[in-house]
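J.: Sequence:
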Amino acid sequence: MTLPSFIPGASTPENTVTDRLEDGLLPLINVVFLLLMFFLIAGIIMQDALPPLPSSAETASQDDPRLDLVIAADGSLLQEGRPLSASELQQRLPSYDVDNRLRIGAHQDLSMADLEARFQELSEAGHPDVILLTDQAP
154 MTLPSFIPGA STPENTVTDR LEDGLLPLIN VVFLLLMFFL IAGIIMQDAL
204 PPLPSSAETA SQDDPRLDLV IAADGSLLQE GRPLSASELQ QRLPSYDVDN
254 RLRIGAHQDL SMADLEARFQ ELSEAGHPDV ILLTDQAP
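Numbering-wise (our numbering), the sequence shown opens with residue 154 and increments by one.
Careful: at least some of the hints might be erroneous.
[Claimed, not checked] Cβ-Cβ distance ranges computed for the label pairs, FRET-style:
hint : residue 1 : residue 2 : range
1    : 188       : 281       : 47 to 55 Å
2    : 195       : 170       : 36 to 44 Å
3    : 269       : 249       : 15 to 23 Å
4    : 195       : 233       : 17 to 25 Å
5    : 199       : 286       : 17 to 25 Å
6    : 188       : 269       : 38 to 46 Å
7    : 247       : 199       : 42 to 50 Å
8    : 208       : 288       : 32 to 40 Å
9    : 184       : 279       : 14 to 22 Å
10   : 198       : 277       : 54 to 62 Å
Since the hints were made in silico from the structure, they are not lab data.
All C-beta atoms in this analysis are idealised placements derived from N, C-alpha and C, irrespective of residue type, glycine included.
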């Protein structure tokens, strides 16, 4: 007994392997086409979504950044131009704040060993993370 040809899946001599593969690809082609249309329309709608960004000339500032602490070439610590000993760190520095960490400027001739020693002192004084400010090479 053969099924009528209008019933899906009915095998007829005309229903070849190629025809069945093409029938399986049609939903995939439809989905890809719909995605293409979606992204084309979304791209047109979103064209003006970004605000205008300021140019780099507007944001450039000639002011020196604020330094909380300076490490001189000999390894000594300075706060607002006054010498600061390692024992005074905890009393004279503000309390540690993750969002407002200490900004430190180090002299270019300072050795790495001295810099690491000062970072260790700051960590022991309650400032485990700091921001080290540097100059850009010309």
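J.: Decide, hint by hint, whether the structure agrees.
T.: Results of checking the hints against the structure:
| no. | hint | in the structure |
| --- | --- | --- |
| 1 | 188 - 281: 47 to 55 Å | holds (49 Å) |
| 2 | 195 - 170: 36 to 44 Å | holds (38 Å) |
| 3 | 269 - 249: 15 to 23 Å | holds (19 Å) |
| 4 | 195 - 233: 17 to 25 Å | violated (54 Å) |
| 5 | 199 - 286: 17 to 25 Å | violated (38 Å) |
| 6 | 188 - 269: 38 to 46 Å | violated (54 Å) |
| 7 | 247 - 199: 42 to 50 Å | holds (44 Å) |
| 8 | 208 - 288: 32 to 40 Å | violated (23 Å) |
| 9 | 184 - 279: 14 to 22 Å | violated (58 Å) |
| 10 | 198 - 277: 54 to 62 Å | holds (56 Å) |
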